[in-house]
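> Quick mapping for you: the protein sequence lines, in order, are chains A and B. Throughout the first sequence, residue numbering follows our numbering, covering 107 to 495 in sequence. Throughout the second sequence, residue numbering follows our numbering, covering 107 to 495 in sequence.
Read the hints as simulated data drawn from the structure, not as lab findings. It cannot be assumed that every hint is accurate.
Since copy identity is lost for identical chains, a pair holds within one copy or between any two.
[Said to hold, decoys possible] In silico lysine-lysine, DSSO-like type, Cα no more than 27 Å apart, as pairs:
| hint | residue 1 | residue 2 |
| --- | --- | --- |
| 1 | LYS312 | LYS156 |
| 2 | LYS152 | LYS315 |
| 3 | LYS142 | LYS425 |
| 4 | LYS315 | LYS236 |
| 5 | LYS425 | LYS338 |
| 6 | LYS383 | LYS156 |
| 7 | LYS109 | LYS199 |
| 8 | LYS333 | LYS440 |
| 9 | LYS312 | LYS395 |
| 10 | LYS227 | LYS416 |
| 11 | LYS200 | LYS315 |
| 12 | LYS199 | LYS319 |
| 13 | LYS319 | LYS200 |
Protein chains: 2
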Amino acid sequence: MVKKYIMTPGPTPISEEVLMEHARPLMHHRSPEFSKIFIEVTEKLKKLFKTTNDLFILTSSGTGGMEAGVTNFFSRGEKVLVVSVGNFGERFKKISSRFGLEVISLDYEWGDAANPEDVKKALDNDPDIKGVMVQFSETSTGAINDIKAIADIVKNTPAILIADVISGLGASDLRADEWGLDVVIGGSQKGLSAPTGIAFISVSEKAWKLNEKSDTPRFYFDLAAAKNYSQKTPPQTPWTPGISIIVAMNKALDMVFEEGLENVFKRHRVLALATQKAIEKIGLQLLVKDEAKRGFSVTSIIVPEGIDAKALTKIMRVKYGVTIAGGQGKLTGKIIRIGHLGYVGIFDVIVAISALEITLLELGYKLEIGSGVSEAERIFVENNYLNNG
Amino acid sequence: MVKKYIMTPGPTPISEEVLMEHARPLMHHRSPEFSKIFIEVTEKLKKLFKTTNDLFILTSSGTGGMEAGVTNFFSRGEKVLVVSVGNFGERFKKISSRFGLEVISLDYEWGDAANPEDVKKALDNDPDIKGVMVQFSETSTGAINDIKAIADIVKNTPAILIADVISGLGASDLRADEWGLDVVIGGSQKGLSAPTGIAFISVSEKAWKLNEKSDTPRFYFDLAAAKNYSQKTPPQTPWTPGISIIVAMNKALDMVFEEGLENVFKRHRVLALATQKAIEKIGLQLLVKDEAKRGFSVTSIIVPEGIDAKALTKIMRVKYGVTIAGGQGKLTGKIIRIGHLGYVGIFDVIVAISALEITLLELGYKLEIGSGVSEAERIFVENNYLNNG
Chain A
107 MVKKYIMTPG PTPISEEVLM EHARPLMHHR SPEFSKIFIE VTEKLKKLFK TTNDLFILTS
167 SGTGGMEAGV TNFFSRGEKV LVVSVGNFGE RFKKISSRFG LEVISLDYEW GDAANPEDVK
227 KALDNDPDIK GVMVQFSETS TGAINDIKAI ADIVKNTPAI LIADVISGLG ASDLRADEWG
287 LDVVIGGSQK GLSAPTGIAF ISVSEKAWKL NEKSDTPRFY FDLAAAKNYS QKTPPQTPWT
347 PGISIIVAMN KALDMVFEEG LENVFKRHRV LALATQKAIE KIGLQLLVKD EAKRGFSVTS
407 IIVPEGIDAK ALTKIMRVKY GVTIAGGQGK LTGKIIRIGH LGYVGIFDVI VAISALEITL
467 LELGYKLEIG SGVSEAERIF VENNYLNNG
Chain B
107 MVKKYIMTPG PTPISEEVLM EHARPLMHHR SPEFSKIFIE VTEKLKKLFK TTNDLFILTS
167 SGTGGMEAGV TNFFSRGEKV LVVSVGNFGE RFKKISSRFG LEVISLDYEW GDAANPEDVK
227 KALDNDPDIK GVMVQFSETS TGAINDIKAI ADIVKNTPAI LIADVISGLG ASDLRADEWG
287 LDVVIGGSQK GLSAPTGIAF ISVSEKAWKL NEKSDTPRFY FDLAAAKNYS QKTPPQTPWT
347 PGISIIVAMN KALDMVFEEG LENVFKRHRV LALATQKAIE KIGLQLLVKD EAKRGFSVTS
407 IIVPEGIDAK ALTKIMRVKY GVTIAGGQGK LTGKIIRIGH LGYVGIFDVI VAISALEITL
467 LELGYKLEIG SGVSEAERIF VENNYLNNG
């Protein structure tokens, strides 16, 4: 017997309640029964985004949502500014280039976060820029960008701000309308702890204006088609959606609102802090040096000299049943990542740190046994946070 | 209490066994545990396609698979021949036009099937045509195209044949390699009776040659990326896939092969025949006049004069729990469609016909009560087919 714990930044652990909903016999996607759930999920996602803008549900991974963000608002040859602090910033660049947009890059070290002043300079230098793309939480590093400050700059220009909040949503407070985010992209399998396969995207009035003039080719991810079908009676998706995932999301969203958004954010803040302090206590280095730039979804840890990252994650997974993630892109083999996102409580962090300690000892790394888990416990008690999730 | 029966051409009924698999806690998509299932599902789908070509799993509805078929093999301005016998033929045209291809249309009445000789003439007239797109079963009408005969023509030209087999797969025998189909597109929620949200696509060597020269913009549906990731150790998808759907598909595919492909095809043939003969017995007209052009997945029925199609499907659904489909596109309000596809046995057909009879009587249509269900039973007995699914 090996009990399984999934501690990655997506997929995240799914509650039994949500899995039971996921297993319900499928309703037809054009039936009023499904429509009712579809409307509810859409409204709950808007509440989570804190937006009154249109919001559409797409059947795809988050990358499909990113493609929808890139292809619905610009025309071939138009300039976009991509703020890149990691692998998903690079992905925005690739999608934009593939669809014929001219990409202006604003690159940071992986582990750093964007400086909003640089965005201001780039936009001042180039008034032709039609859109700014940025991650909220950069899943590949765990850094978080100050998208509120970036939005404050972009909203005074003709450009729209496209924010990938896929791994930040549900972990950190997000206020799409108050901050002025034009296009916001999320996914089912991160903070919501629903199954993989659904993305969603909100669209502001300013973005719709650009949509009218955009000639980038698109069909499956065409948001005007999604809008058209959402206005039918009953509201629908243009193509067959991932019905069982949307049904599961409905329950997952209920659980988020039952806990209360402020409590959910506090939980993620404390779990992240406990993980990060425990890691430092063990003697390991965090990838994101500046504490203010650390997000609450995932913690990236630099693999110490002499330790094989692949062996480390494999032992944790196979021997101890604890799945964490490795590095992506140029950080492959150099970091490991612990997700503490979604349906996760204090004992999940304890388990992950414990498994990491035991595995590091097994690989010959010197550490004071139990020092990480003790530190995590101390953080929970110190923050008066003892919610087991 | 209203017991629910889903008799639409997608989503189709899902067995309890498949729903239980669907509800399993999610494995990480980069883990060897998931990879094992991913490899198995890919191999089983190839076996179902009867192909040794590459086959890729996409997280999207069937329309996403169609977009992958359109965007991976041609370049802007190139000519494609779209054979259209219904709503999904029209969809191939729309996707092709959106991505800048020049569409040559070969249109038939909705309810008719394509004449392969017309395809030959079109290709002879225009040697620049790079691809031919066609449906196997046209879901909007229930007609089936002779894609074997069409492939026989296309394979002697430089063009590739792209076949949407989404609703035909698992109902009618399909032999991708023997017939020479270059690109074949299927979906999870039809004959397989797995949840909605996954498409899959196979690619021949001839198609890969075109892929190398194709400049149509694509990212999420880029099959070269899918190929690249499928060759990693362990094999993976480039983006996070619909994990729980793929796990469910693995069980659904096992059930298909346990029954045996020949038995599965026979079951669909008899269920379709029973449905169609019962409908005629009631006195209703089938949309597909020519018996040889009727597929085995879905039966389209012309709504008789004086009966409101919407009221008919609504009473069946709300009062009797039996969900059937209405018409699509220009057939909206003119036909109803009964799906007899996937995890469906003889008593499902009996239930659908019974509910239809009772509802028609309620709406004032004159019929001999029980004549449809009697005819269906007679067909089962006559064909010595008493498999309750």
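> Which numbered hints does this structure break?
6, 7, 9 and 10
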